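S.K.: Protein sequences, first through last, are from chains A and B.
664 is the number that the UniProt record's numbering gives the last residue of the first sequence; the numbers go up by one with no jumps.
664 is the number that the UniProt record's numbering gives the last residue of the second sequence; the numbers go up by one with no jumps.
Any given hint might turn out to be false.
Identical copies carry no separate label here, and so any pair may be met within one copy or between two of them.
Okay, derived cross-link-like pairs now, DSSO-like style, lysine-lysine, Cα gap no bigger than 30 Å in a straight line [stated by the list, open to error]:
| no. | residue 1 | residue 2 |
| --- | --- | --- |
| 1 | K558 | K315 |
| 2 | K456 | K98 |
| 3 | K182 | K434 |
| 4 | K343 | K250 |
Bear in mind the hints are in silico, worked out from the structure with no lab data behind them.
Just so we're clear, the structure is a prediction, and the values are computed from it rather than from any experiment.
Protein chains: 2
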Amino acid sequence: MSSTATTLKGQPLDKAVLDAMLRRRMFYTPSFEIYGGVGGLYDFGPPGCGLLANITDLWRKHFVLEEDMLEVDCTVLTPHEVLKTSGHVDKFADWMCKDPKNGEIMRADHFVEAVLEARLKGDKEARGQKVVEDTEDPAKKKKKKAKSEAVKLDDAVVQEYEEVLARIDNYGGSELGELIRKYDLRNPETGEIPSEPVSFNLMFQTSIGPSSNLAGYLRPETAQGQFLNFAKLLEFNQSSMPFASASIGKSYRNEISPRAGLLRVREFLMAEIEHFVDPLGGKKHSRFSEVEDVELVLLDRDTQLSGKTETRTVKIGEAVRSGLVDNETLGYFLARIHLFMVKIGVDTSKMRFRQHMANEMAHYACDCWDCELHTSSGWIECVGCADRSAYDLSVHAKKTGAPLVVRQRLDEPIVIEEWEVDVEKKKFGPLFKKDAKAVEAALLATSQEQREKLAKELTGNGKVVVSVEGVADGKAEVPAEAVKIEFRKRTEYTREFTPNVIEPSFGIGRTLYALIEHNFWTRGTEGGDEARGVLSFPPTVAPTKVLIVPLSSNAQFKPHLKKLSQRLRKLGVSSRVDDSSASIGKRYSRNDELGTPLGVTVDFQTLQDNTLTLRDRDSTSQVRAEEDTIVEAIRAIVDGSKTWADIEKELPKFEGQEVEVAAR
Amino acid sequence: MSSTATTLKGQPLDKAVLDAMLRRRMFYTPSFEIYGGVGGLYDFGPPGCGLLANITDLWRKHFVLEEDMLEVDCTVLTPHEVLKTSGHVDKFADWMCKDPKNGEIMRADHFVEAVLEARLKGDKEARGQKVVEDTEDPAKKKKKKAKSEAVKLDDAVVQEYEEVLARIDNYGGSELGELIRKYDLRNPETGEIPSEPVSFNLMFQTSIGPSSNLAGYLRPETAQGQFLNFAKLLEFNQSSMPFASASIGKSYRNEISPRAGLLRVREFLMAEIEHFVDPLGGKKHSRFSEVEDVELVLLDRDTQLSGKTETRTVKIGEAVRSGLVDNETLGYFLARIHLFMVKIGVDTSKMRFRQHMANEMAHYACDCWDCELHTSSGWIECVGCADRSAYDLSVHAKKTGAPLVVRQRLDEPIVIEEWEVDVEKKKFGPLFKKDAKAVEAALLATSQEQREKLAKELTGNGKVVVSVEGVADGKAEVPAEAVKIEFRKRTEYTREFTPNVIEPSFGIGRTLYALIEHNFWTRGTEGGDEARGVLSFPPTVAPTKVLIVPLSSNAQFKPHLKKLSQRLRKLGVSSRVDDSSASIGKRYSRNDELGTPLGVTVDFQTLQDNTLTLRDRDSTSQVRAEEDTIVEAIRAIVDGSKTWADIEKELPKFEGQEVEVAAR
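Just chain A, same shape as in the assembly (with noise of 0.2 Å):
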């Protein structure tokens, strides 16, 4: 895999030419922009919008029919004690400084990560070292450019610089602001120090009601109303288990320096999935046999660590039986998500699923794998799949007592034998007061080891001493008539567990624009003109699938056209006319760029013998025939039954009109 980016066709990625087409094409475009744009937000025009919703159909189709998941539809606006237990208040944060002089604001550890980087070019420079432009890493993707000057570094220097950029995401404020201050790392625009980092949540605050009195955020994800819902959904699913719920909607993050296009943005549309499973059992799949031969490239946690970014290709049946992969389920999502990018048209030299680091996880998850593709801003995260634990589920429960939770009949009772402790609460109030709750809590958190050991003692001593945090001096000691602690036997007939969650997490926008990089080629004139883009979406995603082209404006050829665009719309087939009057050259490569896979002509011989030509995008060949085989050929491409050979073979080549697009 090189680290540059390249075209389809593997033409080297110019990227300002990209970018002048998707805005002269309106795939997207800056918000608010005749009132000077705001950073991070983007509309989507119609071919953009278009793209849109034919990712998000497909997404639907391929996980939440093909699995009868359980769609849901949350709010966005969401109260702060629900993202308080979430731990989103505390953690969802970036650190930020400050320039002092021109009050830039920026990432703390982009800015360190920077400014070392700059320097690490700098002494490469200076000792005669090529210096490779390395796009392979995707923490680096987001960061901001410091210019390199050609200045040599001790040996050590150069050693301590590399740690501390390979510890980048460890670093809490303080620290990045001790490296900040330690290595002098100043502003190259400003030549100043910035401010010591403070803390920044990335939720967007609002309050909700007149009063003014509840505060609430934006979600940053569309999990938390998932969550929230389990005991109903499981109701909906009539008790039964494992069952997953889906959900497609906008989420919003206040990035403190959106760059990078639609790749960080402030608002965006996510597809998630929380499949909730039983947490015994090793989390099989019965659905693991259809994809277990699936070929993934993966990147492990383990080369990463040797500082390599070496993928190895391997069958998702192997990775899981030889623990790589985690569980049958997460392997099975891993699959399906490949499997789901095939189908949308990315190119999957250009995809690997990445595992995180030990630090990158959040510390309740078990494993999890980004699904990243390779774009010109290097790899980037398009998908997240992590098994989550029962955390969520969890917190949300302990919060509110509700029972999140699974209750299972047992085929056979079982018989349990363990230590019980039995806190006699009347006599805990006089003799703790306060700390009476946190004693028996103590009491009541101990293992079984403690507990025989606390037995023990009570027989013995005829009381018990416990260490309790909050208490005095750390310690309370029980009298024996106040707790109980015994070795008994009880039958249970059911079971109570709080699942686990896997969820696969699609950025929507991120993958959009990486299948757009993925599918853009140039195609050159022979007259030297400038190249022409071409975006060779499948024709389920192309945002429209057929353009339709008269010869000319002349009035004749206007029943044809709309006699045409009714048949194809009652067939479910998106066209669009173009009867201005540009040359049939233009107005193909026109679509061409808008990633148009058919185009039709109506020309005077349709008037006579009802044939039309039919265009292939990414060949321009043409073949012609009666319409209602030209109609047919355009269903069967659209439906994916047939490809372009197909067509090719079956009927007969034109040859017409491409000239002019040569002439034009």
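On the provided structure of chain A, position chain B as indicated by the hints.
M.R.: Relative to the frame of chain A, chain B by itself:
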């Protein structure tokens, strides 16, 4: 039209029964319920989400694809300046007042209305008159209920109250405050007079970016994003007029006290069209002839002015010809809205189009009609269809200087003769100092008649006197050397104009709720069981099309179930298997409540001869045939090419299982 809501079968609608069913089947549910819920926020569960997706999908086909509209997806986050210009910052507000005792916050107009109505009701009771619960008036659906006491009022007072109520939408905050004091209106819950009304802006506020200095709001409608992109959309449309943009997305209103379930919420899905049309030439529509015979139920302005609510059924062609509906384009969309409502299954006997009163409309609107659907909360505005004139494009163009206009080459150049004003800017500065701009603007704003007069004055007196607001004594003397006013002839080859906008704006959540009520009915059971609910959605709208039930949970049925689901999925028909242990009757009942139109039973006979029974939700009658035949029947019903009556004629009736339903 009765003012009491009825079911699809004309039964009195028991809202409590319906609500319980919608909750049980998770059509929608209060958001964050385990945290106590937040007023005006609802989540859609799987069937509600399916309904939403199907309604918006049909909307996209009916409007966007049918008319080649340009769909866009703009951000919800909107900076202050945009909504300041559009008028929302200043005017998108309600008056609220607070009870000094219990702190309750109320909408002032709703409060006045509720208390006066309770007094009028009490008066009627005291006079021994029959009290009719009036749910006809759409304005009253939002109100807080106040209990009435049987107290007789003076005739003059009754008349005064009635006059106040008729004008309730026209009062400002201080007037509402006066009414409260004048009539000693007290909160029935506390006996207190509420505080003076204060304005409460209904937009959710937030700040964008880390420095907190860019104030923003969550958009209250999707329209502004479409207006701001007008120039790009026009270019995308190859400068061809007329055209429409469209957008489906969430909008937000921070309601003071949301009450009526899905009918008044704080976060909701909208689908809006902005049809841009040349204001000259009577706003004709090229496809008007296709709809002119569509009959609409209209409640016009004059009828309402006379205090009546009688509707009349008129062909839209006739309504436009007679001037009742302002123009063809507006009429075209009213008819298209009607056809859409019919398509999704709205009961046309519970639909009307109500024209806005002059004082209800925004000051810039020419004409506006609401499509109202009748529900248990009275008549509900589900779609607004307004002619917004050139207002929005004009204000944004004025504020930003962006050319939100259409330039058309004229077929024949036109010669214009008129009075023109030339200002000598160099002389204005020294003459008027800080008032220079204001004086210039006043001169340029003069009419042709005024200019003719001023020209004479200039020639006669060597100076003109103009009225300028905000300048010293309101007048400015401009000498002849600083201004020229001449009658000149010029030739124009292009015409520049700001398009007018016709805006159909759909509240999808409200429409969805009304659709549920219109399709709900109950089926009695022979055994005297509780009445069983049915939702008779048309197949296109139904969340799931087919329920597949095995006779029992016998493992032999599994392969058949899987094969059948896969076949249906390939046809794009959503199905759901219910292999729970409940009786077939119970499983069908559950799906009647979910609105699933068809049911297929797999039984032991199936294993022998591959025949299946197909059940119709509405009649509960069944047919039996070979799998291929049944699948083809399902396809035909779902795509609308056949009805159940057709299928019943073609296939042999089956009388087996429904027995089990009665016997359950």
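S.K.: None of the hints should be skipped; say for each whether it holds.
M.R.: A quick look at each hint next to the structure:
1. K558 - K315: Close across copies (29 Å), not inside one copy (54 Å); limit 30 Å.
2. K456 - K98: neither (61 Å within a copy, 63 Å between copies)
3. K182 - K434: neither (47 Å within a copy, 54 Å between copies)
4. K343 - K250: Both: 23 Å inside a chain and 29 Å across chains, each within 30 Å.
Going through the hint list in order, the structure does not satisfy hints 2, 3.
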